[in-house]
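Protein chains in written order, with our numbering: chain Z, 1 to 732; chain H, 1 to 569; chain E, 1 to 582; chain G, 1 to 100.
No lab work stands behind these hints: they were computed from the structure. Keep in mind that the hints are not guaranteed to be accurate.
Stated by the list, open to error - Below 25 Å or equal to it, Euclidean Cα-Cα: the simulated DSS-like pairs (lysine-lysine) are:
| no. | chain 1 | residue 1 | chain 2 | residue 2 |
| --- | --- | --- | --- | --- |
| 1 | H | K67 | E | K443 |
| 2 | H | K157 | E | K443 |
| 3 | G | K99 | E | K207 |
| 4 | Z | K681 | H | K157 |
| 5 | E | K207 | G | K26 |
| 6 | Z | K626 | Z | K511 |
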Amino acid sequence: MGSEISVEFWVATIPFVPLLTFPIILFLGQYFNGKDWWKNILKEGGSISLMSMGIVLILTSMVVAQFIGEMHNGQGLDIIDWITFDVLRSDGMTNGVNLGFGIYIDHISLMLLFVASFLCFLINWFSIGYMNTDKINDNRNHRFYAEFLIFCSGMLGMVLADNFLWLFIFWEIMGLCSYLLIGFYYEKPSAAAAAKKAFLTTRVGDVFLMIGLIIMWNIYGSLEFDIIFGWDYFTNPVDMTLLKTSLILMFIGAVGKSAQFPLHVWLPDAMEGPTPVSALIHAATMVNAGLYLVARMFPIFIGTAGDGLVGELADVAIIIAIIGGITAFMAAGIAFVQNDIKKVLAYSTMSQLAYIFTGLGAALWFASKGKPELALFALGASLFHLFNHAMAKGMLFMASGSVIHEMHHAHHHISHGEHEGFDAQDMTNMGGLASKLPITSTAMAAGSMSIIGIPLIGGFWSKEGIIAKIWKAAIYDGGYLLFIPAILLLISAGMTGFYMSRMWFMTFAGKPKTKVAEHVHEETPWIKFPLVILTFMTLGGIVFASLHFVSWVSEGHAFHYDLIHEMKHAFLAMDKEGVIDSTFLILTWATIGLSSIIGPIIAMSLYGGNLKDGENAIPTVSWLVKLSGMVKNRWEFDNSTLANSGLAEALRRRLYFDDFYDWICIKLIVPIGIGAALFDKKGVDGVIKGIESGSQSASTWIRKLTTGSARDYIMMVALGSLIFVGLIWGMV
Amino acid sequence: MAENKTKLNDGMYVIGGLFIAISVLMFASPNMPSMENDWVTLPLIGLPILGSLLLMGFASAVPAWRKESISETIKYASLGIALIVLIITTLMMTDILMNVHWANITFNQYMYEVEYNWINSIGAEWHVGIDGLSMPMVWLTALLVPITIITTWNEKKPWYYHPLLILMGGCLIGVFVSLDFFMFYVFWELTLVPMFFLILNWGGKERKYAAQKFFIYTFTASILMLLGIITLYLLQDPSTANASITGRTFDMHDMIQNAQEQVILGNIWLGPGVQKLLFVLFMAGFLVKLPVVPFHTWLPDAHVQAPTGGSMLLAGVMLKMGAYGMFRIPISMFPYALVEFQMPLMIIGMISLFYGAWVCLGQTNLKRMVAYSSVSHMGIILLGIASLQPLGFAGAIFMMFAHGLISPMLFGVAGAFKHHYHTLEIGSMRGMAKHSPWLAGNMMFSWMGSLGLPLLAGFVAEVAVLIALWFEFGWWVIIPGITLAITAAYYLWSMQRTIFEGGENTELPKSLGDEKPRDIALSENIGLISLAILIVIFGIFPFIFFEMMSGYSSELIKQMLMDDIMRRW
Amino acid sequence: MAAYDVLSIDGGLKLLPEIVLLAGILALFFITNLGDAKIRIPLTRLRIPALLGGNRFKWNSDPRIPGIVSVFTLIFAIGMLIQTLGDDCADIMKGFCSETTILTTTGKNPVHLLKLDSFSRLFELMFFLALLLVSAASLNRLQADSNPSNDDLEQLLDNRRQVDFYLLLLISGLGMTVVAMSMNLFVLFIGLELASLPIYVLVAFHKESKAGSEAGVKYFITGAISSAVGLYGMSLLYLWSGSLQLTVLEAAWASMDTPEALPLFGISLLLVGFGFKISSVPFHFVAPDAYSGASSPVAALLATASKTLGFIGLMRILMIVTLPETGETAVWMFAFGTLSVVTMTWGNLAALGSENPKRMLAYSSVAHAGYMMAALVAVAAWKSGSYTETNNNGLMAAELIIGAIIFHLFVLISFKIGAFMVISHLETEDDVTDMSSLHGLAKREPIIATSMFVFMLALAGVPPLAGFMSKFLMVTGIVQVASADVLVNNNVDLIPTILGMHWTFFLAIAIFINSAISLYYYLRIGVLMFFEESSTRLPLPKVSILRFVIFVCAIGTVFFGINSDWLVETVTNAASALFADS
Amino acid sequence: MIDPSWVAGLGVIIFAIGLWGAFTRKNAIIVLMCIELILNAVNLNFVAGAAHFGDELGWMYAAFAIAIAAAEVAIGLAIFLSLYSKHATISLDGLELLKN
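Start from the sequences and build out the full structure, keeping to the hints where you can.
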């Protein structure tokens, strides 16, 4: 069943490297906790884990190097027949069907493989600095690294799996690790609750995903990519309604995993986990799983449209795009009012993932409408945004981690251990950190710009592409419903500009708002290296863009460098023939204006400001600080009316989604459970108890008939004679 | 933590080492010892039963004040017997896995088959054999008994407790290998006796009530099965070939063959109404044993009151007797009735699954919750059967096996919790992860296994059953789907209230009194972790057994059910 | 006139067991009086002066001597019983296969009054076994004098009371053998009276307690009335047919076209007499009183041998006399079916809450009577149904059922007597009036408690014990009859299939439901022994013979459950012999 | 010769009186006498039957029945005596030590 080109077997070993390493760390850690060598040399497991991730990175690089050339088709390799069985249908028994594990490599999985292993490695590096220097983590870091490694193998396995079932299996493994790591500080009730919320919410999605998979298995008789992607709909027609249902159900799974509306509530809470976890799992990798899944549906859309079923699956695409648009807008709105630095990033993640979903929606729309060219471009743009976002958001979280960590240390330093009532993550406690945290502030600036889409920086290229494609779909192809996501996305672009800038300026610009913020120093080892690397990766977006990353990731074309074309395409909306599309020219500049100019300027006017006198930021960001100071001086305005309005309150309450879900759980689900338990005890078991007590009382009653009086007995004998006579006569 | 570890004697290490050495030798040697002798099943049953009776007799002869001094001897003797059984069973399994093609011992074809006249006058035989259905169950039983012994190494009054466990194991293996109705029924009821004593003597506060309820409830159900057995027995054609006074035998092998011949001829064996009647009678026994809603209420009581080892075996193997019986008898013999009763079976399965999960959500007692989760999971087995698909059957059989690994761990953990914290209330404490990290880890692992986490054994079965269910019933699959979410909900909720939280003001159960919370003892940990390893192994490599289960199911359907299913379509 | 001349006795040597029994009775009388100048007439205070001797020897005034004599007599009788089988039977394991008529009138219509065959021999064996166990168990139990406060040495060494006890036992045994052999209703009745009258006395033997005499009176009065009513029924039968010979009655019954009042009344009233013996509802009321008032060995005898007597009578009447032609319905079928269900349910329900172990066992005994009655009903159903052909061994369903009843009566000897013996053992310590005597027995006497639990499970019918086998055989018989037409009817749906079964199928279900109910109180005994705490942890007084009897019973209970092959063949042979009589 | 049916009819009356008396009277001795009445009814039947059928065995049955009745009386009186020695009464009504 594999394609003609076989993939080297060792590719399959990639997920197993961390999988085999984690028990070592877990058991060593459990037994040697507190030993000096364990703490200092092995970094409580961090070194082992880092080595393991290093091996993974090397292996991945080899794989990427091998397959990076022209590769238009995915390559699959079956490894084991996991379960084998027969199927009984009305036309007889089909023998030897199996659900097996194998690996599947194409450009998409290569890209994600690289992203995953690269970020895993860097974040592991970062963790050694971040986790091991914190006293609260004593005696439990081995757990962190072990769970981290399981997660990595889950992510790598999911990317490599050659069928939807194993994709789902690794997906769930990631979910477990996410749960464990969010609940890493298990003694904090909020962390425990957040972990539960995350697992349950994604589980709800997973249930739908699983049902979707089951339906899909029923449609194709297999879940292998090779078979599904190569399906011939002419010769083997399928039930399109069923297929549509299945895809929608699978998308619900993706919604849960990627924290989209309406299953988005878990992601902000998930920030209870350690910051490296937020960086890796809840920003850079795991949340991309949903996107990956939807991207994997792409060939189905292409295939159905290619086999004449044009537009049959368009509804699915519309749903995906609309969900994406709503989430992008909603999350951006909520991000306006967050003061917790990680929460802002979390909502930003949600919003950016929604962009990608919308882009994928557009891609699927075009695909189902039989326009593979446009579809591939949209797909490429979405995946490119995925790449950029992963890099940028991973870095942003690490940078925020750095800020939090240093804030924490400073607070410790000042308050001598008393840490009641101080929130190291609250941006209202920060301010003016640009001078104290030069590398962090630079990295954060680069990351924020990438997310905002400041021209030429990483995220710009991809976000521009997504917005253009969704508009194109809306305008040209009669997908009037797609105007909803198109407009929402455009507005969200401006909102992104605002809230990301707000975050940066609140943290780094202006005067320190608390005493703690004055005493911050960037001194922790191991933290800076990943930030620097990722800053370059983020800023290097222009390189990837000009290498035609988009067409590589969507079609497997080899890289070819053409910066000028890309620039023309991006800024002038010029196509290959050099024709400028005026609509898109306007659209492009509207986006740039909203996101790069209006949004940041409003943020600067509200939250900007110069540093304390005598302090200077690193040159890479000092211009930003000064600019903000300038803008603030000129255009500062009072936003308290807006900030105290009902809308802001609603946004602070996260638009009441959490309240609503809590209400459902507490008022609906739990009472039903308790009611069922009560019914079981009183009702079902009550019948049994009733039989028991009933027969007991029957026994008492019947024994009373044995009165003890001989005369009664004699009478009974006489009566018995009569009964005998009567019954026998009666019979006759 | 060090002072809490139980000191295990050298004997434990010797036995463990021997066991590992033999196992390694067994797997490593190119010429694996082949179990040629068909009578090999006899020691599997006889050794534990006789051994335990001897040990208990010996113990009762020792005066009370000296009993402590023999307890170690008896523990090691019990463990030794259990391990011998395990080794023999493992040899049989590897023998089958390596040397025999599964197709040869699938439906109604048996290995190690022995027929020996027992009660000649009524045609009851000592007829045993092993096929693709019973092999996993036999191995599971042989495996669980030593694990249970180790896990509950420090139970009170070990001179009776551990022999009772192996007695239980012997009877259970007897159920799984017997191919004669009479023998099957005898062992079926015999299993009640050791369990009754385990609950009665080592159980919780309400053990008296629970032990009686358990015994009476399941006995009542199984006498309906006995009525079925008798009816079926009498509806055979008397033959002079049989020496019995009625001219009939209890031979399951022959009866399945008769049924099969009729199926080949296109007839309904014994006629439609009779098949239905017999199906109902047999199912009555098996469904209560399984158990299904609304006949499940004995289970929570029995589990909550049973000692750890008792509930491990009860949940691990005894419940599976019901499912095993369904496959062995009604499904293999009454294909017509099975197809006719497909819908009721499915509905009962759905109710068990769904209702069980909801009830779990409302439980405050840990063991009770786990017990209801068993009810819920047994619903999946029923659904697999109702799907009438090879995959559904295989999934149901795998569920028997997987749940047989997971539920002992669940109960082992619950028992350890009770043992160390003296309570079973969920939410009576916070932060177990801090006080007892190993216990918390095991607990979390077992719960994750139970809620169907992929790569753990339970998932395979669930996926298989759900796929098969879709084939047959389409959108009904939503209900199991919702149940999966509810299952996750109750486990996670309990986890939050037990393992997590408890940061600054640690909350400990009141029952702990002035004691400091402890972690589990080494012996408990060994047992639980070995279960965990098995759960992972069979989660990742289900094909070790799934292939044979699948082969069995396919053959069963091909040879018995296909015509009926086709007819219905 | 020649008409009145003689009864001829054939094959007198075949009566060796009975002769041994008689010899034992005489021995009891003589041995205990040896050396005494005044010979005491048993059962009285009368002492006849003899010319010889002075005081008794020390050895024959030992209280255990009568018991030992009795035990050896019974062992010897059993030996003789087996010995007399030898001639005609190639293989003794095949059962009791000889057949000899013993007592025949030589009048113008020579009739066989007593007959020896597999049936009667097996029952004799059962009676001897039951008596043997009871005698052995009573060896150390009886007090020397009715007034225990009188601890004079001579009184202590007296064995008068024991002589009375064992004499009554052996006489009763003699009566039982007559019942087993009789082919004439009246002879059967005489045997029954001969067996019963000593048992009335034995029930009241415990006269030093108020309960003992009360139980004796109640049991006597009720028993006497029942047997009088039964006898009256018999006399009606005699009025109708002019003979009480079973074969004659059978022929008369078969030739009766329309139901006549006289025989029907006769049969009904006769059933009352036997109904009392088997303690069927509503004649069972006195049973719990009698069991709890009498000493445990006597109660054990009531529950086994006495019940067996009743069933022999019922089988003779119902199976030989009144069994209709094929296709017709037996007149008593409905009455017996109803009563059987009522009996088993009543017994079980009453036992459920009973707080006195002996009363509980009595009620359980009632329930067991119900099971056996249900099995008898199935024979009638067999006759009325179409399923009368024999299977390959020439065995009819009816024989299987009767065999099952005999099997049950046989194995009852092991576990019912065993259970009473355990209580008897408890009584060596203190009176057993409520369940608390059983508390914590397992801690005091683990083996005894385990044996008791085995007896209880056997009573409940848990495999692989003997009680299961018997219940299993009975239900098999019932179902065989009930399901005869089910394959012919070939209904498609479930409910018509069930309704298409003969209604005796519901008797099988009733038996099972009742087994389930009964399990509750049987298990309760186990719970009390293994769970509850007793006030003391001291073991019971050592009475080795009693323990030995208990172990023998326990071993028998297990043995006949696991290896019942021989017994099943034997009982079915006996059942064949019963039907061959007709 | 009297028609045996008259004898048997008398037997029925005596039987009814006996049975009625047995469960209406309190005094144990009177109950015993009622039992004797029933047995006498039996005897009448046997005698009537023997006469009617000319069956010699019938006479024998009657004779044995008388013997049985005698034995029963003897045993009954003995048991009543022991009852009297403990309870100081022979009324059947007070005997309720054993019940339920």
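Status of the hints after comparison with the structure:
1. H:K67 <-> E:K443: holds (13 Å)
2. H:K157 <-> E:K443: Holds: H:K157 and E:K443 sit about 12 Å apart, inside 25 Å.
3. G:K99 <-> E:K207: It holds: about 18 Å lies between the C-alpha atoms, which stays within 25 Å.
4. Z:K681 <-> H:K157: It is violated: about 33 Å lies between the C-alpha atoms, which goes past 25 Å.
5. E:K207 <-> G:K26: It holds: about 21 Å lies between the C-alpha atoms, which stays within 25 Å.
6. Z:K626 <-> Z:K511: With Cα atoms ~12 Å apart, Z:K626 and Z:K511 stay inside 25 Å; holds.
Hint compliance for this structure: hint 4 is the single one not met.
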